[in-house]
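Undergrad: Can you build the whole structure from these sequences, using the hints too?
Sequence lines, in order, name chains F and L. For what it's worth, the UniProt record's numbering labels the leading residue of the first sequence as 1, then goes sequentially. For what it's worth, the UniProt record's numbering labels the leading residue of the second sequence as 1, then goes sequentially.
Computed list of lysine to aspartate or glutamate pairs in EDC-like fashion (alpha-carbon distance at most 20 angstroms, straight line):
no. : chain 1 : residue 1 : chain 2 : residue 2
1   : F       : Lys3      : L       : Asp198
2   : F       : Lys296    : F       : Asp259
3   : L       : Lys247    : F       : Glu157
4   : F       : Lys163    : F       : Glu208
5   : L       : Lys247    : F       : Asp172
6   : F       : Lys232    : F       : Asp277
7   : F       : Lys163    : F       : Asp203
8   : L       : Lys247    : F       : Glu158
9   : F       : Lys276    : F       : Asp297
Partner residues are not named here, just some residues of chain L that face chain F (Cβ under 8 angstroms, in silico):
no. : residue
10  : Pro41
11  : Tyr195
12  : Lys247
Simulated coverage check for chain L against chain F, where a stretch passes if three residues somewhere in it have a Cβ under 8 angstroms from a Cβ of chain F:
no. : region
13  : 255–263
14  : 362–370
If you are wondering where the hints come from, they were derived from the structure by calculation, not from laboratory data. Because the structure is a prediction, the values reported are computed rather than measured. Glycine is no exception: its CB is placed at the ideal position from the N, C-alpha and C atoms.
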Amino acid sequence: MRKGLLTLAATLLLAGGATGYAVWSGGPGAAVSEPRDGSRTDLSEPGRLLVRDTATGLVRGTRTRCERFYAAAGTGVCLTVTPGAVPGTHALILDRTMREIDRIEITGIPNRARVSPSGRMISWTVFVTGDSYNENGFSTWTGIHDTRTGNTTVNMEEIPLIKDGRRYHSADVNYWGVTFASDDNRFYATVSTKGRTYLVEGDYAAWEARVLRENAECPSLSPDGAVLVYKKRMPAGAWRLHALDLTTRRETPLAETADVDDQAAWLDPRTVMYAKDGDIWAVPADGTGAPRLLMKDASSPAMT
Amino acid sequence: MYVSRTSLSRITLTVPANVLALGAVSLITDVSSEMITAVLPFYLVLSLGLTPLAFGLVDGLYFGVTALVRLAAGHAADRWQRRKLVAGLGYGLSAVCRLGLLAAGGSAALIGAVVAADRTGKGIRTAPRDALISLSAEPGRLGQAFGVHRAMDTVGAMLGPLAAFAVLHLTGAYDTVFVVSFAIAALGVLVLVLYVRDHRDTVPGPPSIRPALALLRERRWRRLCLLACGLGLVTLSDPFVYLLMQKQGGIEAAYLPLLPLATAAVYLALAVPLGRLADRAGRTPVFVAGHLTLVLVYALLAGAGPYWPVPVLLGVFYAATDGVLMAAAGPLLPAELRTSGLALLQTGQAVARMVSSVLYGAAWSFTGHVPGLVAMGAGVLVSLALWRKATR
Numbered sequence: 001m002r003k004g005l006l007t008l009a010a011t012l013l014l015a016g017g018a019t020g021y022a023v024w025s026g027g028p029g030a031a032v033s034e035p036r037d038g039s040r041t042d043l044s045e046p047g048r049l050l051v052r053d054t055a056t057g058l059v060r061g062t063r064t065r066c067e068r069f070y071a072a073a074g075t076g077v078c079l080t081v082t083p084g085a086v087p088g089t090h091a092l093i094l095d096r097t098m099r100e101i102d103r104i105e106i107t108g109i110p111n112r113a114r115v116s117p118s119g120r121m122i123s124w125t126v127f128v129t130g131d132s133y134n135e136n137g138f139s140t141w142t143g144i145h146d147t148r149t150g151n152t153t154v155n156m157e158e159i160p161l162i163k164d165g166r167r168y169h170s171a172d173v174n175y176w177g178v179t180f181a182s183d184d185n186r187f188y189a190t191v192s193t194k195g196r197t198y199l200v201e202g203d204y205a206a207w208e209a210r211v212l213r214e215n216a217e218c219p220s221l222s223p224d225g226a227v228l229v230y231k232k233r234m235p236a237g238a239w240r241l242h243a244l245d246l247t248t249r250r251e252t253p254l255a256e257t258a259d260v261d262d263q264a265a266w267l268d269p270r271t272v273m274y275a276k277d278g279d280i281w282a283v284p285a286d287g288t289g290a291p292r293l294l295m296k297d298a299s300s301p302a303m304t
Numbered sequence: 001m002y003v004s005r006t007s008l009s010r011i012t013l014t015v016p017a018n019v020l021a022l023g024a025v026s027l028i029t030d031v032s033s034e035m036i037t038a039v040l041p042f043y044l045v046l047s048l049g050l051t052p053l054a055f056g057l058v059d060g061l062y063f064g065v066t067a068l069v070r071l072a073a074g075h076a077a078d079r080w081q082r083r084k085l086v087a088g089l090g091y092g093l094s095a096v097c098r099l100g101l102l103a104a105g106g107s108a109a110l111i112g113a114v115v116a117a118d119r120t121g122k123g124i125r126t127a128p129r130d131a132l133i134s135l136s137a138e139p140g141r142l143g144q145a146f147g148v149h150r151a152m153d154t155v156g157a158m159l160g161p162l163a164a165f166a167v168l169h170l171t172g173a174y175d176t177v178f179v180v181s182f183a184i185a186a187l188g189v190l191v192l193v194l195y196v197r198d199h200r201d202t203v204p205g206p207p208s209i210r211p212a213l214a215l216l217r218e219r220r221w222r223r224l225c226l227l228a229c230g231l232g233l234v235t236l237s238d239p240f241v242y243l244l245m246q247k248q249g250g251i252e253a254a255y256l257p258l259l260p261l262a263t264a265a266v267y268l269a270l271a272v273p274l275g276r277l278a279d280r281a282g283r284t285p286v287f288v289a290g291h292l293t294l295v296l297v298y299a300l301l302a303g304a305g306p307y308w309p310v311p312v313l314l315g316v317f318y319a320a321t322d323g324v325l326m327a328a329a330g331p332l333l334p335a336e337l338r339t340s341g342l343a344l345l346q347t348g349q350a351v352a353r354m355v356s357s358v359l360y361g362a363a364w365s366f367t368g369h370v371p372g373l374v375a376m377g378a379g380v381l382v383s384l385a386l387w388r389k390a391t392r
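TA: Structure below.
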């Protein structure tokens, strides 16, 4: 009898404590500051920096809530998810006024989102759980959507891959972090297989990819198409941003020395920006200078 | 109503209160831990912006540490005859880890350490808990006792994700999920402290691991350990099974998370009946039949389907083998060395399954999915045949 009372009391105490925590932590911070009425975002207006607010999940200055966001030349992509045993995930295609014009159902937890410089090609990467070699591992699904033809590839892992001059076959290939060139056909991405990662160059029309080099993830192509910035795994395990000159094939470490886990975006023709510790930072893409804080409490930067 | 009440009281009559208490502790603890498992990927990727691929890489390292801790904990529980205390430390460590997730903030390294500590807690508690179960029921009813425990455990594992996503939808905050999970885990520890009775035997002499190792000289025990490890080497891990179903059977990725649920439901439904069957008809036939079900799973995966029976058959396999193996192993060990013996058996099995995943992963990459399945199926049959021959 005493045990029963003790258990009951402890249950009530723990339930009360957990509820109290939920109310206390969710209280004042939960109020969402709505954007001013009449503020219109135009994704086709050049030179506008858009970011996702970390606290509210809204793209700043808009009412659009996304987990990942990107925009270019009047087209936006917004990845949303409803967490659950079967996550309800969508890639929303937005027009220049941030209005939803298309909605693609995908599966997994949103990780990367990109729009090609012309605004035509959309790509994204999600993590799929329960689909992995390792009990606690993950695999990635990367999709590409052509807004002109309406064609969608939900998982690009079947793309023929050329490695060392030969067709490469393996059941464990995973792609992530796509970046398109201005011709809307050439693209770069990361493929992982047998515990290693490689930078690949893809041809969308021919539907083929070939390995360029090892150890380069989440590439981001410069506006002039000459330089790729990507994260490279260092021997100690951290990722560090590097730039690759596509003509000379010379690789340069950027001045950001901290561990960066993001697909960089270009702020201007000479500078990349990226999320680090919950804020957005910028650093020159040629290895000079120093990182500087661009925007507090934000992620998913995109320059229209 | 009347029917369900009589069947419930029949269970309570034949299942010792201590087993039910341990089952309740496992149920509550599994709600808590599966809450974390369900939301952690969302938390890492969406809230912290981390790439979870990095977590898989360090897993092998943690695994080695966990294996050593398991053995040490089993030894300590026997050495001082404090099984409840050691199990309680394991449950307690995992409970504290829920708050550790809050404290870890956005650091990938700290979160990795908390996850590792949580698994260490699981490693610490498993053998003393199973030893207590096996010492709490009559040897002839151990199959049922383990069946009841595993069924209760599975109920918790199925409720956990539901609880986690309900809290997440209500509050929208991951830290609240962690706090609720901690509160539930703390309740589990309390139920252990209040309702589980320890089983103590005379302390077996000076602190030495010799007696536990000397157990391996006993032929029946040695053979059972060898069999469990041998079968572990040719048991395809669940993620591989589901991945094969998805790749070969074209199951939509959206439904992948539902496959383990189907397996768990079958396990839950069959754990008690198959445990009772093992008590009546003998543990060997049920254990062997369970592994033949596994061979059937391999055949379906290698032979292009049909795929829908696979999650069901996998549930049958677990219900016929997991608790049944423990029920068979317990009575072979002297009571005062039971925890170290079970820890050795479970660790050997876990190491073998780890090696199996690495080997099958390599085989799949290099030769496609079929040869590895054929080899593993043959391995299951050969292991069982060798064992039959040795025990005849």
